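Q: Start from the sequences, fold in the hints, and give me the full structure.
So the chains spell out like this:
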Amino acid sequence: MKNSYRLNTFLAVVTGLVSLVMMLYRTFSPAAILPPLDILMLSGISLAALVLEHYLGGTAKKRHWLGMAVFSALTFALLPLAAGLLSGIAALKFAAVGCAVFLALAFLFTSVCDRLATGTASPVAPILSAGILFLAVQAFASMLL
Amino acid sequence: MSKKEWLQPAIALVLAAVILLGASLALGPVAQKNRQEELQSLLGELLPGAQSFTQEEYTGDDEIISAVYKAENGYVIETVTSGYAGDITMLVGVYSDGTIASLVVRDMRETNGLGLKALSDVDFLSQFLWNGTTLTVGENVDALTGATVTSKAVAKAVNAASAYVTGADIGSSATEWGG
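Protein sequences appear in the order of chains H and S.
Sequential numbering from 1 applies to the first sequence in my numbering.
Sequential numbering from 146 applies to the second sequence in my numbering.
Hints are computed from structural coordinates only; laboratory data are not their basis.
One should not assume that every hint holds.
Here are the simulated SDA-like cross-link-like pairs (lysine to any residue), alpha carbons at most 25 Å apart as the crow flies [as the list claims (entries may be wrong)]:
1) S:K262 to H:A32
2) S:K178 to H:L24
3) H:K62 to S:W151
4) H:K93 to H:T59
5) S:K215 to H:A31
6) S:K149 to H:L103
7) S:K149 to H:T110
8) H:K61 to S:I156
9) S:K301 to S:V267
10) S:K149 to H:V13
11) H:K93 to S:I156
A few chain H positions that, by computed beta-carbon distances, are all more than 10 Å from chain S [what the hints assert, rightly or not]:
12) F28
13) V51
14) L79
15) A90
16) A91
17) L92
18) L103
19) A125
Here are some, though not all, of the chain S residues that point toward chain H, as calculated from beta-carbon distances under 8 Å [claimed, not checked]:
20) E150
21) A176
22) W275
Note that the coordinates shown come from a computational prediction; the quantities given were computed from them, not determined experimentally.
Each residue gets a CB set at the ideal place from its N, CA and C atoms; glycine is no exception.
A: In structure tokens:
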């Protein structure tokens, strides 16, 4: 039986790596303009974790949504905070928005992948689904401006 | 096993946080030093002829101005204006007579292909140089195509920096009648 929280493990790994890269850029290339920590960044991280979960052992049969929400909020609050990328209220806001984005994308991604899994496109279904969802988030984010 | 499933992500999270915190603490002084060096190098390029800079406290009312660096032949003013998608942080080099020596965008979140061109569009940016008059988009400044809000934000920053040095900004301490 697959661990129901594997997705959160991948999320912690991806968020940690992104935070580390941004921290190194800030340290050694202070003039670089880094991508903002916004909805697009959150969706990119979440979708990368979902794709990794799917390819590295398959999606969990059952998800504990409450536990996932708690772990994702902790991940998005603690890791950027530890890397010095965010602080105080900004970290809490990032965690709240990140939790909502992650849960919405996890639900949508799982639904779309399940539908595509039996078709001929199944090997690339996760990447295509993630790409389409990312474009959808981009369109949604531009409406918020 | 199933009851302790949460242990795996918890360990991953704690491990990642500890690694990041350690790296952040170790690299903190290096980052600070690199930031200072980069700023000093940039200030020297923004105001040709200046030998040294001292940071002055800005006590005026203009909320756009966030930092002031004084040199023998002028000032470099840091400004933060509202663009289309977020704040635009700029450094503007101004000679003592109010003419603009140079400007550079330090941070922005503008739309790729539109407002983001304010970073590097030479035709747009060069309109602000060697100019001591008030700049208005649509009158003496051509806006970037599809990025009027960004262009206005840049013009506003340049005007505020110039006004600080000439004394048009009544909160300025750059002139004897300011402050």
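Q: Work down the list of hints and note, for each, if the structure agrees.
A: So, going through the hints one by one against the coordinates:
This hinted pair checks out: K262 of chain S and A32 of chain H have alpha carbons roughly 16 Å apart, not beyond 25 Å. A distance of roughly 14 Å separates the Cα atoms of K178 of chain S and L24 of chain H; the hinted pair therefore holds under the 25 Å criterion. With a C-alpha separation of about 14 Å, the suggested pairing of K62 of chain H with W151 of chain S holds against the 25 Å cut-off. Taken as a hint, the K93 of chain H and T59 of chain H pair is broken in the structure, with Cα atoms around 28 Å apart against an allowance of 25 Å.
At most 25 Å may separate the alpha-carbon atoms for a hinted pair to count; K215 of chain S and A31 of chain H meet this at roughly 21 Å. Between K149 of chain S and L103 of chain H, the direct Cα distance comes to roughly 22 Å. Compliance with the 25 Å bound is thereby established for this hinted pair. With a CA separation close to 24 Å, the supplied pair K149 of chain S and T110 of chain H stays within the 25 Å bound. Among the hinted pairs, K61 of chain H with I156 of chain S is consistent with the structure: their alpha-carbon atoms are about 22 Å apart, no more than 25 Å.
For the suggested pair K301 of chain S and V267 of chain S, the alpha carbons sit about 18 Å apart, so the restraint of at most 25 Å is met. Between K149 of chain S and V13 of chain H, the direct Cα distance comes to roughly 19 Å. Compliance with the 25 Å bound is thereby established for this hinted pair. A hinted pair counts as satisfied when its Cα atoms are at most 25 Å apart, and K93 of chain H with I156 of chain S qualifies at roughly 24 Å. The non-interface label for F28 of chain H is inconsistent with chain S: the shortest C-beta to C-beta separation is roughly 7 Å, within 10 Å.
With a cut of 10 Å on Cβ distances, V51 of chain H stays outside the contact zone with chain S, its closest approach being about 17 Å. The claim that L79 of chain H is not at the interface with chain S is violated, since a C-beta of that chain comes within 10 Å of its own (minimum 6 Å). Chain S leaves A90 of chain H outside its interface by the beta-carbon criterion, the shortest separation being 13 Å against a cut-off of 10 Å. At roughly 12 Å from the closest C-beta of chain S, the C-beta of A91 of chain H stays outside 10 Å, upholding its exclusion from the interface.
Listed as outside the interface, L92 of chain H is consistent with that label: its C-beta sits roughly 16 Å from the nearest C-beta of chain S, beyond the 10 Å cut-off. Non-interface status of L103 of chain H relative to chain S is upheld: no Cβ of that chain comes within 10 Å, the nearest being about 15 Å off. For A125 of chain H, the non-interface assignment is confirmed: its Cβ lies about 25 Å from the closest Cβ of chain S, beyond the 10 Å cut-off. Given the 8 Å rule on beta carbons, the hint for E150 of chain S holds: about 5 Å separates it from the nearest Cβ of chain H.
Annotation: A176 of chain S was flagged as interfacial toward chain H, and the flag holds, the nearest CB pair being 4 Å apart, inside 8 Å. For W275 of chain S, the interface hint is violated, the least distance from its beta-carbon to any beta-carbon of chain H being 25 Å, above 8 Å.
The earlier numbered hints that this structure contradicts are 4, 12, 14, 22.
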